Amino acid sequence: MAIENQSRISIDTQAFLPSHGFKWLYVSGLNSLWIGVIFFSMVMGIFILMETMLARNQFPTELKWVVASMGAVFLTIWLALTRGAVKDLQDIANYGGQFSRN
Amino acid sequence: MGANFLEINTARGRPSPFSRRVELLVGIGLGYTISFSGRAFSEETSLMAAFIGPILDFSVGFLPGVYSTVVSAVFILVGICIIRTMTFIYRQIQVFYKVANTIPIDLLNPEPLAVFASQPLRVFFGLVGITVIIPFTLASSEGLANTVIPTGLPMIALVFVLFLLVSIPLTRIRSRLKQAKIEESQLITQALTGNRRALNDSRISAHQDEFKMPDLLYYQDRIHSVWEWPLHAHIRKIAFYLVLPPLAWVLETFVETAL
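Residue numbers (our numbering), protein chains in the order written: chain Z, 150 to 251; chain B, 8 to 266.
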C-alpha cells in the first residue's frame, strides 16, 4: 500500500502492515480499542462458557481477567502503533505542499 | 525544490515474506514458552501460576485440555504481538529516520515536523500500559511490591531504552533544524555586516531587495526564536500526563482530609 496525494507524493507503508492472518484486523477499519474490547469479551466469553457448561471447578475471577486482558492489551497496542505510524506518514505526505519553498 | 521530494523509497524497510514467516514462528515460540513457563512454575505462589496450575489437572471428559488450549492460544497471540511490535518498532525507526533525513526543513513553518514527535510519545504511552499490567499478572501472594521490583523496574528500563531508540528520527530532525538555524543566522549576520550577496543562499533570496536593515533584524530574531524540538503540537498532551500524577496525589490528600 502506498500513500499518495495530489502532488504525486508517495510513501510506501508496506513495512508497517500486519500479515499472516492479522491483516484483516488492520483493514477492517475498526478502532484498535474496539478490537481489544472484542478480543477481551471473546476470551472471557469462552472462559465463562467453559466454566458454565464443562467445568467441574471455578477458576479465580481476577486471573481470568488478567489472561483475557493481556491478549487484548498487546493486540490493541500493536495495532494502535501500526495505525499511528501509517497516519503519521499520511500526514507527512499531506504536508508535502507546506514544505515546498517556492 | 522539486515536487517529488517526498517520493521516499522505504522498500528497504519492507520485510520479505520469509522474515515475516520467521517473525510469526518466533512469536508462536515465545508465546508457547510463556505459557509453558507458567505451567513449569505452577508450584510457585504467583497468581499466574495459581491460574495455570489447575489447568494441568483439568480434564473435561470428551474435551481434555480445552481450557489449557484456550489459555495457550491467548499466550501465543501475546507472543506474536510482542515480536510483531518489536519488529514494527525497528522498522518504524528505519523508515522515519529515512524520512527525517530527506524531508526539507522550513524554519518559518516547523509545525508540520511535530509529526516526528508522535511516534516516541505513542510508543511511550503504549509501553507504559504494558509495564503497568505485567507486574500485576506476576504478582505473588507475598505482595505486589515483591513482584514490581524484580519485574517492573527492568521493564521501566526497557521502556526508557525503547523510547530513546524511537526518538532517533526526532533527534535527527532536531539536529537538522539546529543546523538550518545556524546557517540561516550566519547568512543574515553577513548581510547585516554589509555582504548582502549572502542572502542569495538564504530562504528569503527571492525577496532580498525588500528586506532593509530593520526587516533583517526582525527576521534574525524570528529565526533565533524557532524551537529546535518540534513538539509544539504535543505540549498539551505532555503537560497533561506530567500534571496527572501530582494532581492525583493532591486530590487523594484532599479526599482523605475531607473524610
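If you're looking for bench data, these hints aren't it; they were derived computationally from the structure. Treat the hints with care, as some may be off.
[What the hints assert, rightly or not] Computed footprint of chain B on chain Z, listed as stretches where at least three residues anywhere in the stretch have a Cβ under 8 Å from a Cβ of chain B:
#1 172-186
#2 219-231
#3 234-241
[Said to hold, decoys possible] When the alpha-carbon atoms are kept at most 30 Å apart in a straight line, the in silico BS3-like pairs for lysine-lysine are as follows:
#4 B/K219 x Z/K236
#5 B/K105 x B/K219
#6 Z/K172 x B/K185
#7 Z/K236 x Z/K172
#8 B/K244 x B/K185
#9 Z/K213 x B/K105
#10 Z/K236 x B/K188
#11 B/K105 x Z/K172
The structure presented is a predicted model; accordingly, all values stated were derived computationally and were not measured. Beta carbons are placed, not taken as given, at the ideal position from N, Cα and C, and that holds for glycine.
Count residues of the segment 219-231 of chain Z with a Cβ under 8 Å from any Cβ of chain B, then say if the count reaches three. holds (count 10)
For B/K105 and Z/K172, compute the direct alpha-carbon distance and say whether it is at most 30 Å. Judged against 30 Å, a Cα distance of about 25 Å means the pair holds.
For Z/K236 and B/K188, compute the direct alpha-carbon distance and say whether it is at most 30 Å. Given that 30 Å is the threshold and the Cα spacing comes to 29 Å, the pair holds.
Starting from B/K105, check that the Cα of B/K219 is at most 30 Å away, please. Given pair B/K105, B/K219 is violated - Cα atoms ~39 Å apart, limit 30 Å.
Hinted pair, alpha-carbon criterion (30 Å max): B/K244, B/K185. Please report holds or violated. Holds - the C-alpha atoms of B/K185 and B/K244 are around 24 Å apart, at most 30 Å.
Check whether three or more residues of the segment 234-241 of chain Z sit with their beta carbon closer than 8 Å to a beta carbon of chain B. Coverage by chain B holds here, the residue count being 5 at a Cβ distance below 8 Å.
Given coverage of the segment 172-186 of chain Z by chain B, checked by CB-CB distance under 8 Å (3 or more): violated (count 0)
Z/K213 and B/K105: Cα distance at most 30 Å? This hinted pair is violated, its Cα atoms lying about 43 Å apart.
Taking 30 Å as the top limit, are the C-alpha atoms of Z/K236 and Z/K172 close enough? holds (16 Å)
Take the C-alpha atoms of B/K219 and Z/K236, compute the straight-line distance between them, and say whether it is at most 30 Å. violated (43 Å)
Given the hinted pair Z/K172 and B/K185, is their alpha-carbon gap at most 30 Å? violated (40 Å)
Figure legend: structure checked against the earlier numbered hints; hints not met, in rising order: 1, 4, 5, 6, 9.
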